[in-house]
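K.L.:
As a plain string of letters, each chain reads:
2 protein chains.
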Amino acid sequence: MPAIKDVARRAGVSVATVSRVLNDHPSVRAGTRERVLTAVADLGYRPNAVARSLRTAQTRTLGLVISDVLNPFFTELARSVEDAARALGYSVVIGNADERPDLQDHHVRTLMDRRIDGLLISPTDGGSPMMSAAARAGTPMVFVDRWIEGEGLDRVPVVRTDGRTAIRDLVAHLCALGHRRLAIIAGPAATTTGRERVDAFRAALRAFGLALSDDHIGQGDFQAGSGRRVTARFLDLPHPPDVVFATDNLMALGAMDEIRARGLRVPGDVALAAFDDIPWFLHTDPPITAIAQPTGALGHAAVRALIDLVEGRPAESVTLSARLVARRSCGEPEGSTP
Amino acid sequence: MPAIKDVARRAGVSVATVSRVLNDHPSVRAGTRERVLTAVADLGYRPNAVARSLRTAQTRTLGLVISDVLNPFFTELARSVEDAARALGYSVVIGNADERPDLQDHHVRTLMDRRIDGLLISPTDGGSPMMSAAARAGTPMVFVDRWIEGEGLDRVPVVRTDGRTAIRDLVAHLCALGHRRLAIIAGPAATTTGRERVDAFRAALRAFGLALSDDHIGQGDFQAGSGRRVTARFLDLPHPPDVVFATDNLMALGAMDEIRARGLRVPGDVALAAFDDIPWFLHTDPPITAIAQPTGALGHAAVRALIDLVEGRPAESVTLSARLVARRSCGEPEGSTP
DNA sequence: CTGAAAGCGCTTACAG
DNA sequence: CTGAAAGCGCTTACAG
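As given, the protein sequences belong to chains A and B, one line each in that order. Position one of the first sequence corresponds to residue 1 (this note's numbering), numbered consecutively onward. Position one of the second sequence corresponds to residue 1 (this note's numbering), numbered consecutively onward.
Some clues are possibly wrong.
Ranges between beta-carbon positions, derived for each pair [stated by the list, open to error]:
1. B/Arg181 <-> A/Asp285: 22 to 30 Å
2. B/Thr38 <-> A/Gly225: 37 to 45 Å
3. A/Arg181 <-> B/Ala190: 52 to 60 Å
4. A/Arg136 <-> B/Arg260: 51 to 59 Å
5. A/Ala261 <-> B/Arg195: 35 to 43 Å
Source of the hints: derived by calculation from the structure; they are not laboratory data. Note that this is a predicted model, so its numbers are computed, not measured. Just so you know, even glycine gets a beta-carbon here, dropped at the ideal spot from N, CA and C.
Can you make the complete structure from the sequences, with help from the hints?
P.N.:
Next comes the structure, spelled out in structure tokens:
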């Protein structure tokens, strides 16, 4: 591949001049600029981004570490992040943590080694030494969807969805349909969304005069397998719950697997609801009631906040709202659209 | 962030020695190595990958350009690619083309600018100038899933799945269930998988003495919207088909949307089958008959081939086989598992 | 308006 | 076994 000096030679100028043309520096005579541009085109020259990054100490690249690419929610988030970043002239490099703290650390480290300009993280777990190190090193960082506490992490803006109202709406919906024994498949306690959704659920139940007994809280890990295991435990109870609320769509998938394997019916034998909405929920048997996040807006807001930080402007935390989409998996909704 | 000279100063050696320790060069005295390692740990030093890449002319990074991240097939492919690459000491940077040739070119260009060591592409369309340029520049390249023809592209190894046998199995299955009017939602003609699946379908029909009339071939683009539009056209026909075969899972989603919107039943009013299997197909109403690709193996084989090329070894094309997973969306399968 | 020169942070022959 | 020096491909003050 041709380098800048090849262009300079062909255009009969110095590399400094070529660089100026490439960077739209105003002080280049029109004729010179022409010759340089022709040489660039003739050679098919493209500046080496590696060299440029080394020299300018910026990579125009954002790192995005997500907990699980196979989770449609995160896939969509990643996509909207990439869209927003590209519109602002940045690339994004994705690291998939697979809900594993060690993999998460691996990606944060790798991204830091590549000197990305900023880090967008949906953290998978508590103590992450690399994340604290990144914060300490002054790397611009923004949490998206989830956040964790840790040394140096308290100043990191959080761009997230608040599901409390939607969860209360869900509980109201369930009560209206006559359900009283509600159970929840929680996400990892180390995760804010994991805790928050359980807290909101418990609070909503209390508001409706219901209790959340310990055997109706199942510990999941946001993966399908755990949803299935927890559901099995629920259904083995002497008094099984009459509705299971999975706090993410993958665990809802696992719950469906288990319910189906037992030949039970939704919502007749047990009702089902999920946090996070996905297109297929419309076509399951029955269509699944879910809480939808404004994923696109979330990704855009997170990128905006991060780039503000990267470019030296202050950034603030952002909280968006989720909303209930009632379908038929909890019983026939009263006249609402499917 | 500390640089190599800071480590050298603290350890009382030259930067050359620090570099040797970092790269496991054998000729460093044990005591010196100790001191360097201590300095590295004390400072929390991490080599700047940008500088290293500039100097060594390799980035230990692979570029992966996929047609659509939101398609679960590609998400899974991306994940297996990342897994395989990481195991071999490479990172991967993903570019999502969204089935848009311009975006595809944008990503190929960006990746080339970053001097990735090799390119894994699932091309979205015909003529891509950047891809030819990359090939001409001698960048190691491998096509995965799909491939295109073009200048300099004929030597690029292809790692893909052959669906012909599975499609024939599907047609046999459909015939056995009494279906005779079969229709197909094709992918973009510019795409090899798009053409191939139609060809295989037509050939299989012929083998069973059936014809594929033109109004039973709908042109889709591998996105849900097109699946819906094409299905609408099929259902508006004076003699609608009795089975619709969507050549990817997103178009199957669109087909479901349309069928459902019309209040029709699967498979009673119209049967449905899809290329590419996804977990939710088990829980739709009814569960959807699909052709499953060995996605994990595909990703691994593609990475292996690409890294062979990158490291100067020859690489060969690989073809894996898909298999039919019969469920209930085409009628009650004869004793096969759901 | 343009060029010569320094320097970003590394690695690696070349000496010793 | 270790160091001084060159150089990867850029950008950017500094001169002129």
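K.L.:
Against this structure, judge whether each hint is valid.
P.N.:
Each hint tested on the structure:
Between B/Arg181 and A/Asp285 the beta carbon distance is about 26 Å. The supplied range of 22 to 30 Å therefore holds. B/Thr38 and A/Gly225 have their C-beta atoms about 43 Å apart, which keeps the hinted 37 to 45 Å range intact. Between A/Arg181 and B/Ala190 the beta carbons are some 55 Å apart, a value that agrees with the proposed interval 52 to 60 Å. For the pair A/Arg136 and B/Arg260, the beta carbons lie near 53 Å from each other, so the given range of 51 to 59 Å is met.
Here the CB-CB span from A/Ala261 to B/Arg195 is close to 39 Å, well matched to the stated 35 to 43 Å.
The structure fails none of the hints (numbered hints given earlier).
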